[in-house]
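Listed below, chain by chain, are the residues.
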Amino acid sequence: MYRVEVCLKKHLTDARGEGLTRDIQDLGIGKVSSIRVVDIYWLDGDLEPGDLDLVCRELLADPIIQDYWCGEALELGRGVHAVRVTYNAGVTDPVEQSIVKAVADLGIISLRAVKTGKCYVIEGALDAQSLETITRRVLVNPTVEHVVEDEITTLLDKPGYQLELRHVELLETDEGSLCRLAQEFGFSGDELTAITSYFRGENRNPTDVELETLAQTWSEHCCHKTFKGRIKLAHSEIDNLLESTIVKATRELDRAWCLSVFEDNAGVIDFDGSWAVCFKVETHNHPSAIEPYGGAATGIGGVVRDILGTGLAAKPILNTDVFCFAPPDLPYDRLPPGVLHPRSVLKGVRAGVADYGNRLGIPTANGSIRFDERYLANPLVFCGSVGIMPKQCALRGHHKSGELVVLVGGRTGRDGIHGVTFASGKLTQRSTELSYSAVQIGDPIVEKKMIDALIRARDERLFSRITDCGGGGLSSAVGEMAADTGVRVHLDKVPLKYSGLSYDEIWISEAQERMVLAVPQECFDRLLKLFACEDVEATVIGEFTDSQALELFYQGTLVCNLDMRFLHRGRPQLQLEAFWEPVVRPGEINEMPSDLGEMLLSILGSWNVCSKEWVIRQYDYEVQGTSVLKPLVGKENDGPSDAAIIKPLQDSKAGLIVANGINQRYGDIDPYWMAASAIDEALRQVVAVGGSLERVALLDNFCWGDVSEPQSLGALVRACEACRDMSLAYGTPFISGKDSLNNEVQIGGKSVSVPHTLLVSSLAVMEDVAGTVSMDFKRVGDLVYLLGRTYRELGGSEYFATLGLMAGCVPVVRPPESKKLMATLSRAMASGIVTACHDLSEGGLGVAVAEMAIAGRVGATIRLDRVPLGEGVDRDDLVLFSESNGRFLVTIALASRDKFERAMGEASFALIGRVTTLGRLIIHGLQGKKVVDRSIEELRTVWQEPLRW
Amino acid sequence: MSRVRVLVLRAPGSNCDYETAFAFEQAGASTSLVHIGELVRRERNLNDFQIVAIPGGFTYGDDLGAGKILANEIRFRLGQDVPRFVESGRLVLGICNGFQALVKAGILPSPRVGQQRMSVTYNDSGRFECRWVHLRVNRDSPCLFTEGIERLYLPVAHGEGKVVAAPEVLSGMRKVLYYVDELGNRAGYPYNPNGSVDDVAGVCDDSGRVFGLMPHPERSVRGSQQPHWTQGATEGFGEGFRLFANAVKWARGL
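If you're matching them up, the sequences are chains A and B in order.
Following our numbering, the numbering of the first sequence begins with 1 at its first residue and continues without gaps.
Following our numbering, the numbering of the second sequence begins with 1001 at its first residue and continues without gaps.
No lab work stands behind these hints, which were simulated from the structure alone.
It is possible that part of the hints are untrue.
[Said to hold, decoys possible] If you want the ones that stay clear, here's a sample from chain B, every Cβ over 10 Å from chain A, calculated: (1) Asp1081; (2) Arg1084; (3) Ser1088; (4) Trp1132; (5) Asn1138; (6) Arg1139; (7) Ser1141; (8) Gly1148; (9) Val1164; (10) Glu1168; (11) Lys1175; (12) Val1180; (13) Asp1206; (14) Gly1208; (15) Arg1242.
[To be verified] Computed Cβ-Cβ distance ranges for the label pairs, DEER-style: (16) Gly748/A with Pro1190/B: 27 to 35 Å; (17) Ser594/A with Val1197/B: 51 to 59 Å; (18) Pro1190/B with Leu335/A: 27 to 35 Å; (19) Gly28/A with Pro1190/B: 24 to 32 Å; (20) Pro1190/B with Arg136/A: 29 to 37 Å; (21) Asp329/A with Val1197/B: 30 to 38 Å.
All C-beta atoms, glycine included, are put in the ideal place defined by N, C-alpha and C.
Generate coordinates for the entire structure from the input sequences, incorporating the hints supplied.
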């Protein structure tokens, strides 16, 4: 056993160490003067003396920038502390595999195992308690890591496993045991009764793995039982909420370009007649709450596998990420026990998404971040991905009896066991202790290799069906694939990361980077060869049958034999109750502030509105070379784009627009208008960048509180009704969606719910990317027009939030007016006369005009008395900060004035100002007086400051 | 006349392979995406090609340092294949991760030395950053990829792009590209996005035929990839295209 430590040479900047030093200073422990990060490698094997030297010199240490030493302890001077940290047993460390491979490249075969770690050498006068605080808050996440106290002497602890088939007593047991059983597996009373009667019919008790399979398959996460349940309202009843609202609208719209909706891992639409595109957004909230880095990374990994597992495999071409956090400036003394600080959560989630997404080579080109204190212990992490495939691969495949069940990609370990039941339940203070096995660290390179191999195999038609191993692991993947046929799986054939896994652990493990294929016997040899060439494992673990049974074997012993019909159709429908009534808000609003310029600065500097450049830049949004409209635009590439546009095919002019709408605050007043506003925003952004409503597909992602509360479920019903109504009104179908319910946290005996949050994502096809319009002011002298009417709608607005006010009317959506305006604007833009366009959302007109000026590094002068107004908008602040939907700010060249005004026809619009050379934003109020006069540089600084870490 | 043949080298974790191949194809070459395993197993032969391009990505996850494991594979599993390829008068291009691998395999700054002389490491900011950078071409460099080019505006996207070398290596190094500001002056962060010594963004060997750079010219091949194209500033090809056109033009003579 050898321990090798590698460290940057003293004269070089240790950027990792400096980052940690800053994190510690953020904690208010200012006594740390520096940190150096030392990489530790434990090597187990009988290496020749020359070999160890070779490994260190040629592999572990970079001769130009690093020093290394073997075995000896670090010399620590006074005031220098060393903390050694390594991953917990069972957590996958991708670097270990790489080292084994690279050591073999050096011609050394006697290395048996590797483990990595980090040693943090901290300089500064610290007492034991501060050192402990630093370790706990910055250096170690106990969910996946621990401090190494003693020297590690072996890595080769290989536990064996002897089959011991376990049955669970179900048929002859008392009420109390049944209750405990229900709780353990997450079954409702009705469900357990159905299960008991099934096994009574079989005249035997279930095995543990049979109950596990039922628990996974019947979990909220896998079968969305709330959405499919029977909901009793005051005067009516809903049988299957999803079918009767969102899906119903899609069926009514019946667009020919919708190729596969609500049935596969992602929704699929026609791109250009030859190619199809698919889109899916997933949530990964609970894992991200306790291990932000791993949770978010595996969120990306999971949604990318959804894309790979759609139709006969699509190639991922764009990622989008939306996060909801508590404000990062929360004082530490207000942090409840067991909860990670929002700053750490934000940094970890961002790093996880970037490290995983960047390594997959998929551009992260769109996203959003929302802040609200109620996300403190339960952040929301939405990970989305778009894929492309030949149109003939757009539909889910069919396999025949006798085809092979082939598991490809990474190996199976104890990762993520019970992830699904964890995701479906509530988080508790003890979540961080209990759920260690539910959180995983991904290996993006394994997934990248798998993508490369699968796309090649698809093009050779080597498999007839594919699905991802996501929540529920093999249990869900194989169980669903074989739902209409039957399957026989030999669990001992599954390749393992380490020995000692029991048959049920293998079956439900959520180890990352795995997919399941149905492969015709005659294609397998070719598939195996292709996968070997891409360095990806592919293993036959069973065969599909026509028995209608799920049969699992371990070393020849039958450990599970369930009727597929019972597994997939035997679950009793959930019975729920719902009602909704508005939470009455006081009608009174504030006095008009004396200085609107100051107010504009406050809003620009708020967490929700401020620039997210720091986050965006850490994503590779250029990879694949498809970008047309980047997330950052304008003169200095720092303006916030309304949407992303990519050109996915090199030989086609057609583009894809991706945008999103989200605003949880509106939901506090009325979830119906929250949902409607999110849809309007997601569509507005498509139009703002040069798209049209012709071919726009939508996705819904609901993150809700405890839906066993009737009021909470009532809110969900209202949001779904809005989705149905708006989808029909705009002619934009939903094609897929996802829900994460029960986002509630127990803190100190009190239940805290996230605000009901709906993310609406839009995917639009654009005929020719030449029509792209960015949001930055382009030329001095351009005319500034405001399109759409401004109403007295400030309920849930950023302005009122800045004032701490919960009052006023929530922005509503007026589809006939809004849809017509969007169509008119699209036509005007297609004629090429619009030089810039930005949609109005958080912060209203004030924020939109400021952002356009900042992005263009030019000034603007506008007049509020020209703005088309609705009833009662009688104050400058209301005009400036109302968040009415359906509005755009556009610029055109002076010469295009007549043409533009003719094109706009009857729509509500007005010329409100001009782009100027002054470098100042000047706003004249309703009375003609100057109410804002600020330099663009000042606006920019305030807007960029908060998230420039 | 047969077309110039380009081998785009893939390895586990490569991810700019398609767009790099596309850039060469736009310049008139034919391309093959070849996995490093195919070269190791001698199923493919470098000598069937005039240009080898190592694209960007995160080969082997960039574990143990960006490009390191691929570099070792090139050194220890392909042996003298790449140095001989260069010796025979052909071209090698390394972009981002490919540049990191060429440096760590000892092929840059000079393929003759056969061991690592410089390195590319973590950005001073400690962050991965994606941003467009202004570049000035060193007129005195023998690099044939940049012939006739004075300035470039290209994107970088990396966490480990800081060029580091001892002073004696640095002074002898053939620097091709420098990070500069809009006016062409050296200007520090964020113009130099990673803290590279002497603002070096790209390096070639003495022959000018082996070239490595951190920025991504293959992401700047069509006009609408340039950030300011919606202001009506760019049409047709992107600025990075010229590097590929130069290489293919030169290789036609081989």
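- Item | Ascending list of hint numbers which this structure does not respect | Those not satisfied are hints 4, 9, 16.
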